[in-house]
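Undergrad: Here the sequence shown is numbered in the UniProt record's numbering, starting from 1 and rising by one per residue.
None of these hints come from the bench; they were simulated from the model. Do not rely on the hints blindly, as some may be mistaken.
Pairs of lysine-lysine, DSSO-like flavour, derived with a Cα cap of 30 Å [as the list claims (entries may be wrong)]:
(1) K161 / K103
(2) K173 / K202
(3) K68 / K78
(4) K129 / K97
(5) K212 / K192
(6) K192 / K161
(7) K54 / K68
(8) K173 / K97
(9) K161 / K78
(10) K103 / K54
(11) K103 / K78
(12) K97 / K78
(13) K129 / K103
(14) K97 / K161
(15) K68 / K97
(16) K54 / K6
(17) K202 / K103
(18) K173 / K212
(19) K109 / K54
(20) K109 / K202
(21) K202 / K129
(22) K78 / K109
(23) K54 / K129
(24) K192 / K109
(25) K212 / K202
(26) K109 / K129
(27) K161 / K212
(28) K173 / K109
(29) K173 / K192
(30) K22 / K6
(31) K161 / K173
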Amino acid sequence: MTDIKKCFYTTILSQTISGDGKYLFCGSNFGEILIYSIDRILSCSESSNGDPDKPPTAPHAIFPLPEKCQVYSLSFHKDFLIVGLNGEICGYAWNVKNATVGKRAWTVKLPVSAEYTDINEVNYLWMDKTDEILYAGCGDNVMYAISLEDGRITRNFQGHKDYIHCVSGCGGKLATASEDGSVLMWDARQSKFTGKIEPFSKDTLNRAEFGKWQGTVSITEDWLV
Numbered sequence: 001m002t003d004i005k006k007c008f009y010t011t012i013l014s015q016t017i018s019g020d021g022k023y024l025f026c027g028s029n030f031g032e033i034l035i036y037s038i039d040r041i042l043s044c045s046e047s048s049n050g051d052p053d054k055p056p057t058a059p060h061a062i063f064p065l066p067e068k069c070q071v072y073s074l075s076f077h078k079d080f081l082i083v084g085l086n087g088e089i090c091g092y093a094w095n096v097k098n099a100t101v102g103k104r105a106w107t108v109k110l111p112v113s114a115e116y117t118d119i120n121e122v123n124y125l126w127m128d129k130t131d132e133i134l135y136a137g138c139g140d141n142v143m144y145a146i147s148l149e150d151g152r153i154t155r156n157f158q159g160h161k162d163y164i165h166c167v168s169g170c171g172g173k174l175a176t177a178s179e180d181g182s183v184l185m186w187d188a189r190q191s192k193f194t195g196k197i198e199p200f201s202k203d204t205l206n207r208a209e210f211g212k213w214q215g216t217v218s219i220t221e222d223w224l225v
């Protein structure tokens, strides 16, 4: 596929920001991670005379994954860019000095069930930086808790009836949004959900023309959005 055609057919599926806040990573449907310099974008105005061949919004670099598979989710922790693919999560070393993605440092394989052999996408990654636990919302309707200390899956959270779109957490509490139309609340220490919200069940919130799915969720100490 030519670069021009690829530009029109590229879909950004995920994004995250480096630990120092200087770089934006975007994962595409073509198995590439586009790296943008936030400082460069913010330092250029519409009236500035930059390089016409490389505008400030052009990628600083493009990192192609060996698998050429869709990059469903991204996260960043310490010096690692964490990538969610189909059935696995990978950690790539990030070189701060050169602003480049290095070799793959580790891989966590997710459990494979007969029902979801080909569709266990890692749709969302949320990082608990305090306990160094990575939470992955997946296409098999399950959220997995993964210890980054040794790569073990420490707990799986089952309760959704369709795939998970989003994960958020705060102070030991977790929330997941799913294609099944529900938002489930969890205690990180328990495998069973502690609360359930179904916005579609209320007439004022029902969106029959769009479907009942819940695309995103965010939780703080005081609010659930």
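Undergrad: Could you run down the list of hints and mark each one as holding or not?
TA: A quick look at each hint next to the structure:
With a CA separation close to 36 Å, the supplied pair K161 and K103 exceeds the 30 Å bound. With a CA separation close to 25 Å, the supplied pair K173 and K202 stays within the 30 Å bound. Between K68 and K78, the direct Cα distance comes to roughly 25 Å. Compliance with the 30 Å bound is thereby established for this hinted pair. A C-alpha spacing of about 23 Å is found between K129 and K97, which places the hinted pair at or below 30 Å, so the restraint holds.
Proximity of K212 to K192 is assessed by CA-CA distance (about 23 Å); at most 30 Å being required, the pair is judged to hold. Between K192 and K161, the direct Cα distance comes to roughly 14 Å. Compliance with the 30 Å bound is thereby established for this hinted pair. Straight-line distance between C-alpha atoms of K54 and K68 comes to about 25 Å, which keeps the hinted pair within the 30 Å bound. Between K173 and K97 the alpha-carbon distance is near 36 Å, which puts this suggested pair outside the 30 Å criterion.
The straight-line distance between the Cα atoms of K161 and K78 is roughly 34 Å, outside the 30 Å bound, and the hint therefore fails. Proposed proximity of K103 and K54 is supported: the alpha carbons are some 27 Å apart, at most 30 Å. Between K103 and K78, the direct Cα distance comes to roughly 16 Å. Compliance with the 30 Å bound is thereby established for this hinted pair. Proximity of K97 to K78 is assessed by CA-CA distance (about 14 Å); at most 30 Å being required, the pair is judged to hold.
This hinted pair checks out: K129 and K103 have alpha carbons roughly 23 Å apart, not beyond 30 Å. The hinted pair formed by K97 and K161 fails the criterion: a straight-line CA distance of about 45 Å is larger than 30 Å. With a C-alpha separation of about 27 Å, the suggested pair K68 and K97 falls inside the 30 Å cut-off, and the hint holds. Our distance criterion of 30 Å between C-alpha atoms is met by K54 and K6, whose separation comes to about 18 Å.
Under the criterion of a C-alpha separation no larger than 30 Å, the hint pairing K202 with K103 is inconsistent with the structure, at around 49 Å. For the suggested pair K173 and K212, the alpha carbons sit about 24 Å apart, so the restraint of at most 30 Å is met. For the suggested pair K109 and K54, the alpha carbons sit about 38 Å apart, so the restraint of at most 30 Å is broken. Proposed proximity of K109 and K202 is contradicted: the alpha carbons are some 39 Å apart, above 30 Å.
Distance check on the hinted pair: K202 and K129 sit about 36 Å apart at the alpha-carbon level, beyond 30 Å; violated. Our distance criterion of 30 Å between C-alpha atoms is met by K78 and K109, whose separation comes to about 21 Å. The straight-line distance between the Cα atoms of K54 and K129 is roughly 35 Å, outside the 30 Å bound, and the hint therefore fails. Between K192 and K109, the direct Cα distance comes to roughly 23 Å. Compliance with the 30 Å bound is thereby established for this hinted pair.
Our distance criterion of 30 Å between C-alpha atoms is met by K212 and K202, whose separation comes to about 11 Å. About 21 Å separates the Cα atoms of K109 and K129, which keeps this hinted pair within 30 Å; it holds. Only pairs whose Cα atoms come within 30 Å are accepted, and K161 paired with K212 is accepted, the gap being roughly 13 Å. Between K173 and K109 the alpha-carbon distance is near 25 Å, which keeps this suggested pair within the 30 Å criterion.
A C-alpha spacing of about 12 Å is found between K173 and K192, which places the hinted pair at or below 30 Å, so the restraint holds. For the given pair, K22 sits about 26 Å from K6 by alpha-carbon distance, which is consistent with the 30 Å threshold. For the hint linking K161 to K173, the alpha-carbon distance of about 21 Å falls within 30 Å, and the restraint holds.
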